[in-house]
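Enquirer: Next come the chains, spelled out residue by residue.
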Amino acid sequence: MVRPKEVTMEQLFDIIFSTGFFHSTLRVSTPIIFAGLAAVFAERSGVINVSIEGVMLTAALSGVIISAYTGNIWVSVLVTILICVLMSLTLGLLTLNLGANSIMSGLALNILAQGGTVFVLYTLTGSKGNSAQLNSLQIANIELPLIKNIPIVGEILSGQNILTYVAIIVAIISHIFLFRTTTGVSIRTAGENPEALTSVGINVKKIRYLALTISGIFSSLAGIFLSMGYMNGFTANMTAGRGFIGIAANAMGNQLPLGTLFASILFGAADSAANSLQILKVPTQFIQMIPYITTILGIFIYSVSTSKRKRRA
Amino acid sequence: MELNRFKKNIAVILSVALALLISFIIILFVSDEPLNALKAFILGPFSTSRRFGNLIEKTIPLIFTGLAASVMFQAKQFSLIADGAFVIGGLVATILALKLNLPPILTILIIFIMSSIAGGACALIPAYLKSRWKTNEFVVSMMMNSILQLFALYILLNVIRDPNSGFVASFLIPEKYHLPILIPGTRIHFGLIIAPIVTILAYIMIYKTKLGYNIRMVGFNPNFALYSGAKLSFIIFIVQIIGGIVAGLGGAVEILGMYDRYQWQTSPGLGFDGMTVAILASNNPLMVPLGALFIAYIRTGADVMARTSEVPNEMVYIIQGLVMIFITANLLVSLLKDRKINRNMDTQVANGASEGGNNGTAI
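Top line first, the protein sequences correspond to chains A and B. So for the first sequence, my numbering puts the first residue at 1; every next one is plus one. So for the second sequence, my numbering puts the first residue at 1; every next one is plus one.
Since the hints were made in silico from the structure, they are not lab data. Even for Gly, the Cβ is constructed at its ideal location relative to N, Cα and C. A couple of the hints might just be wrong.
[Said to hold, decoys possible] Cβ-to-Cβ under 10 angstroms is the rule here; a few derived chain B residues that face chain A: (1) V16; (2) L20; (3) Y154.
[Said to hold, decoys possible] Computed footprint of chain A on chain B; a stretch qualifies when at least three of its residues, placed anywhere within it, have a C-beta under 8 angstroms from a C-beta of chain A: (4) 121-134; (5) 137-147; (6) 238-249.
[As the list claims (entries may be wrong)] Keeping only pairs whose Cα atoms sit at most 27 angstroms apart, straight-line, the calculated DSSO-like set for lysine-lysine is: (7) K231/B / K308/A; (8) K210/B / K231/B; (9) K308/A / K176/B; (10) K308/A / K134/B; (11) K99/B / K8/B; (12) K176/B / K76/B; (13) K205/A / K210/B.
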């Protein structure tokens, strides 16, 4: 083991407040933003969606395989989204129609995805670890015209993956959608007051299925980003709990799309701090704990504030 | 009530059968010699005494984590902390075995007690936050597991690592602290006696004590008017701690029974498998050993199959996932019911789900 170098406070400051740090924060946050938005839609409609993690993993593998076999990025993205929406709707079928506990069936889907992805990978490539043998495609990084010339801001914002921009835009659109459209209001009402929705003749189940469809689309984008943007190819269990961190981001962001966006970026910052602080004398394992501790603190703060608000009401 | 339980058991058996059937069909498709693969899968665990030993050895830790999950599920607490508590239980057992120098029986007793306490301590944060602030125990325990695993890895690499062992592992656990082997020729150890004792204790606690009655009532209906808030939060707190304690003890039994060095760089994942075991057992402690035996059986069978054919042993996860889906969705129970009841259930469930969304926890 290499002994870490002595680092002064000043150098530490330089690491954290560098453009590189913020650039990587956005990159690392992307799957968490998508996963967080997936959680927002499901939970706003009244379904706890734990299967985001498994859907992400499925998307990560499916994107790689389909793009390798068809050579077409659009086909791979669209088919992957379709597969993942079906998986998400399966959760709906189990919980809404068959009365299964949503956490248990979500976990079951996760186990299925965890074993299923390795199973499929092995039968196709003979490897249980990664998809290095498959010649899969990548989603490109793009330079933003005009913005890239602005000092600092340009260095942070420009040159990100297309999906990173999509994630931020989608978060803003989701916010408007949830609060400014009738469908958005129906989704929120399905969670808050389903009887009211029934009384105006809207089918609660249908709305929840719609929310799960949206949730599935976002989960699949999170997975596609991991294997076709963040990394080049699939590795077993590559989601590494990001789906759950997304659920936590949604809790910390007060189930608001924009709140979730900021919470996700906070988690991303903690994650990329863990990477860049590894030159410090603190043992790696403790730095790797940062995102998880932040998550618990975030959920804790959110819960305390909601229960205080409830008491005041 | 009796009839219901009977129907439930039938449904569990049918669910397992259906999941196995689907997995056999998958094997038919992916294997060149499907019959040999199937034979290895089904009969593999009984083909040699070593493999049969593996089957029993794998059952023992699953009984502990299965009991941990059952107790928590009885009160509808979906905490995953058993996984982290199991790792920490094993870690504490290793540290004590390396540091203590007392008569073996006394040492092993101290180790069991301390590992149980450590396991219970792991559950403290998610349990307290849930009972006091209604945070979601699922997410918090998930995050706690990652933290606990990283902590265990740090201790392994920096405190108890033996630099002279060929791989990343702790110093040798002294021979005198190993649990005695019960059946020569296998590694089946004294844990096979401890696990049933804990099973019976868990059964008595759940079905024969006031505490157990309260736990079951909370699981039956968390909004039960009979219960004051304080009592409800106590039950929510205590079941998670008990789950952690049982899993921590399981980790200690596993380390002292199966390993001569601590070497878990990542969690062996037995806490998660415990949840499948609990579902198979319908959360009844007495059925947990059977559920554990089934999971150990498909594990051992899949390992044999992976060695003798080209079917990967990840097959096990597919079976486990399917079994969980079939049982939790009551897929086969609802087929046995008549339609009118079903429709009533649907609306109830929809209402229940929305209630959960409202005043449920903070995810």
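Enquirer: Tell me the numbers of any earlier hints that the structure contravenes, in ascending order.
Expert: 1, 2, 6, 9, 11, 12, 13
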